[in-house]
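Visitor: The primary structure of each chain is shown beneath.
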Amino acid sequence: MINLEKTDSIINNCWQAIAKKEHTTLNTKYQPLRDIEKYLGLYPLQHLHIPSENKPEIDFSDIEPSFQNLNDDILYSLRIKISASEDAQSTDIWAEKILRFCEVRYRHLKNRCFDKCKSHEAAKLHIMHIAVLLMDQGFKRDDVRFINTVLKIMDLKWAIDIEHIHQQLISANSTDLQTALFQFRVLLTTELFLRRYQQENSIV
Amino acid sequence: MSKKVVILSPSKYSLYTLCIAELLLRNNVEIKAIVTLKLINPKRFISEFGRDGSRLLKKIWKKLFLRKKAYKESDYETIIDLMKNEKINHASVIDINKKYGVPIVYCNNLNEATVIHTLKDANPDIVVFTGGGLIREGILENSGAGVLNCHMGVLPPYRGMDVVEWPILEKNNNQLGTTLHFMDKGVDTGDILDIEQIIPNRGETISQLRERYEPIMCRQMLRVCLEFLAGEIQRIPQKPEDGKQYFIMHPRLKGIVEQMLENI
Chain A
1 MINLEKTDSI INNCWQAIAK KEHTTLNTKY QPLRDIEKYL GLYPLQHLHI
51 PSENKPEIDF SDIEPSFQNL NDDILYSLRI KISASEDAQS TDIWAEKILR
101 FCEVRYRHLK NRCFDKCKSH EAAKLHIMHI AVLLMDQGFK RDDVRFINTV
151 LKIMDLKWAI DIEHIHQQLI SANSTDLQTA LFQFRVLLTT ELFLRRYQQE
201 NSIV
Chain B
1 MSKKVVILSP SKYSLYTLCI AELLLRNNVE IKAIVTLKLI NPKRFISEFG
51 RDGSRLLKKI WKKLFLRKKA YKESDYETII DLMKNEKINH ASVIDINKKY
101 GVPIVYCNNL NEATVIHTLK DANPDIVVFT GGGLIREGIL ENSGAGVLNC
151 HMGVLPPYRG MDVVEWPILE KNNNQLGTTL HFMDKGVDTG DILDIEQIIP
201 NRGETISQLR ERYEPIMCRQ MLRVCLEFLA GEIQRIPQKP EDGKQYFIMH
251 PRLKGIVEQM LENI
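Chain order of the listed sequences is A and B.
Following my numbering, the numbering of the first sequence begins with 1 at its first residue and continues without gaps.
Following my numbering, the numbering of the second sequence begins with 1 at its first residue and continues without gaps.
No wet-lab data here; the hints were simulated from the structure.
Take these hints with a grain of salt, some might be off.
[To be verified] Below, simulated SDA-like cross-link-like pairs (lysine to any residue); rule was C-alpha separation at most 25 Å, straight line:
#1 Lys185/B <-> Ala17/A
#2 Lys152/A <-> Lys72/B
#3 Lys244/B <-> Lys157/A
#4 Lys38/A <-> Ser54/B
#5 Lys157/A <-> Leu23/B
#6 Lys140/A <-> Ile256/B
#7 Lys152/A <-> Ile46/B
#8 Lys110/A <-> Ser54/B
#9 Lys152/A <-> Leu23/B
#10 Lys72/B <-> Leu23/B
#11 Lys110/A <-> Gly53/B
#12 Lys157/A <-> Glu170/B
#13 Lys152/A <-> Lys254/B
#14 Lys140/A <-> Arg252/B
#15 Lys140/A <-> Leu253/B
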């Protein structure tokens, strides 16, 4: 486990690397930094004004909530709805199904993501996108079970290597940049939630 | 006429099984069989390792190798103290077979056909579950009034795993306890018979707290079994929406729980 000081240093370095980037390049397809401002509080990180145009959401009301049916477009739409507190009944069901799948199939997540996504890069992006959704839901519902699952996802070496996020942010191409931004967001939010929880016993 | 019970046990050495079996027999309950999982079962190991990871190895070390030696002298009652006080000297279910003639049935999986046949032959009033994995319909349908389980959390709010730790993390210390309930197809969603509250002590570790649960669970299982068999206790149904399912807690959150226990 990496110690807190080192984690802080990684977060600060990553944020500096992000701040140096052309802001339009940060507005990637699934907007990993969307609504991140609300999570910056604990860290003295400079606010960035990242343009976040509303990309079209997809209608998933007819899709049976399951890991197999989940894709990054649905994840993106779920995040938007959670953020806007819309359609809570449906987002709760999806989030609970995803949580349960990640927990019950934890040891097989790599294979399940690879089977679905067909490439290592897409699988990494997908699992990080899932982690971000679970964090957002945990925050929205003040439900630490979701953070618990994200902490387990962060232990998956194939999905995230905390010490290399900074390097990836600097050198990545656009697909890898999106994954690295998701990884950064997951690292930032889990650390923030854990510290806030230790102090206040609430993640909200 | 004495009431008939079958016990489903996770291993022949389970201290919990030994206590419950002995105490039921002393209270004139007829144990028609103790069904126990075989110790060496690679399939079970792989399946449980998939779920529990490295903590399965610790569990095996404690439950199968150390057994009674895993418990140190303490200022609270452990299951070892209960065994001493009640003069229960069995080392395994084989001793219960020798003393009382209770048949022991070994299986690889509690849901296999031999277990269903055992239950059909025994026609028990209830089945007492002391561990051994998920129970499927074939068992549930042949268990008389049902399969009784003692859950280490308060139902319905705390279903699933690590429910000793979760209420502490969520600052619901008044929601620590054990629940005697009937098993069904869901995860800890069956009818409730009895809830016993447990108060955590300041400075207690998670493992000490868990050890403190064990004798309480034995006594609760015995008491509720006898009350239910005597028709003195009612089933209280649960609604799915009354609780959440919890999963194994990540070590970082467990660290927070340990800190919170220090400061209760």
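Visitor: Give a verdict on every hint.
Guide: Hint check:
1. The straight-line distance between the Cα atoms of lysine 185/B and alanine 17/A is roughly 51 Å, outside the 25 Å bound, and the hint therefore fails.
2. Between the alpha carbons of lysine 152/A and lysine 72/B the distance comes to roughly 32 Å, so the proposed pair goes past 25 Å and is violated.
3. For the hint pairing lysine 244/B with lysine 157/A, the CA-to-CA distance comes to about 29 Å; that exceeds 25 Å, so the pair is violated.
4. Distance hint between lysine 38/A and serine 54/B is unfulfilled; the C-alpha atoms sit about 37 Å from each other, more than 25 Å.
5. Using a Cα cut-off of 25 Å, the hinted pair lysine 157/A and leucine 23/B is violated, with the two alpha carbons roughly 49 Å apart.
6. Between lysine 140/A and isoleucine 256/B the CA atoms are separated by roughly 21 Å; this keeps the pair inside 25 Å, and the hint holds.
7. Annotation: proposed proximity of lysine 152/A to isoleucine 46/B holds, straight-line Cα distance about 20 Å (limit 25 Å).
8. Distance check on the hinted pair: lysine 110/A and serine 54/B sit about 18 Å apart at the alpha-carbon level, within 25 Å; holds.
9. Taking the CA atoms of lysine 152/A and leucine 23/B, the gap is about 41 Å. The hint is violated against a cut of 25 Å.
10. Distance restraint check for lysine 72/B and leucine 23/B: the Cα-Cα separation of roughly 24 Å lies within the 25 Å cut-off, and the hinted pair is therefore satisfied.
11. Straight-line distance between C-alpha atoms of lysine 110/A and glycine 53/B comes to about 16 Å, which keeps the hinted pair within the 25 Å bound.
12. Taking the CA atoms of lysine 157/A and glutamate 170/B, the gap is about 29 Å. The hint is violated against a cut of 25 Å.
13. Straight-line distance between C-alpha atoms of lysine 152/A and lysine 254/B comes to about 13 Å, which keeps the hinted pair within the 25 Å bound.
14. A C-alpha spacing of about 21 Å is found between lysine 140/A and arginine 252/B, which places the hinted pair at or below 25 Å, so the restraint holds.
15. The suggested pairing of lysine 140/A with leucine 253/B holds, with an alpha-carbon distance near 19 Å, which does not exceed 25 Å.
Figure legend: structure checked against the earlier numbered hints; hints not met, in rising order: 1, 2, 3, 4, 5, 9 and 12.
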